[in-house]
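Make the full structure from the sequences, and use the hints.
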Amino acid sequence: MAKLMPGLAAIFTEEHLILEAARKSRDLGMTKFEAISPYPIHGMEEACGIKRSPIPYVTFIAG
29 MAKLMPGLAA IFTEEHLILE AARKSRDLGM TKFEAISPYP IHGMEEACGI
79 KRSPIPYVTF IAG
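For the sequence shown, my numbering gives the first residue as 29, with consecutive numbering after it.
Among the clues, some could well be false.
[What the hints assert, rightly or not] Under the rule of at most 25 Å between Cα atoms (straight-line distance), these lysine to any residue pairs were calculated in the SDA-like manner:
no., residue 1, residue 2
1, K52, A63
2, K52, P66
3, K79, R54
4, K79, G91
Note that these hints are calculated values from the structure, not bench results. None of the values given here were measured: they were computed from a predicted structure.
Structure, rendered in structure tokens:
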């Protein structure tokens with residue numbers, strides 16, 4: 029039998045709450061999680077541990 033991965037789903041009504049949850053999840057050692065929002069939330073990439081893509085720099089240099 030395959031080992032099941034534990035999971036969690038939550039709904040947040042305030043954007044500061046989802047940011048706090050993402051930061052705490054990352055601090056607890058969770059490395060694979062997603063945060064979904066109908067609009068961009070400032071600071072979410074950092075809270076989830078997402079690094080900036082090098083593609084804009086490559087595009088600028090390549091023209």
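Problem - Violated hints, by number in ascending order, as checked against the structure - result: The structure conflicts with no hint, since it agrees with every one listed earlier.
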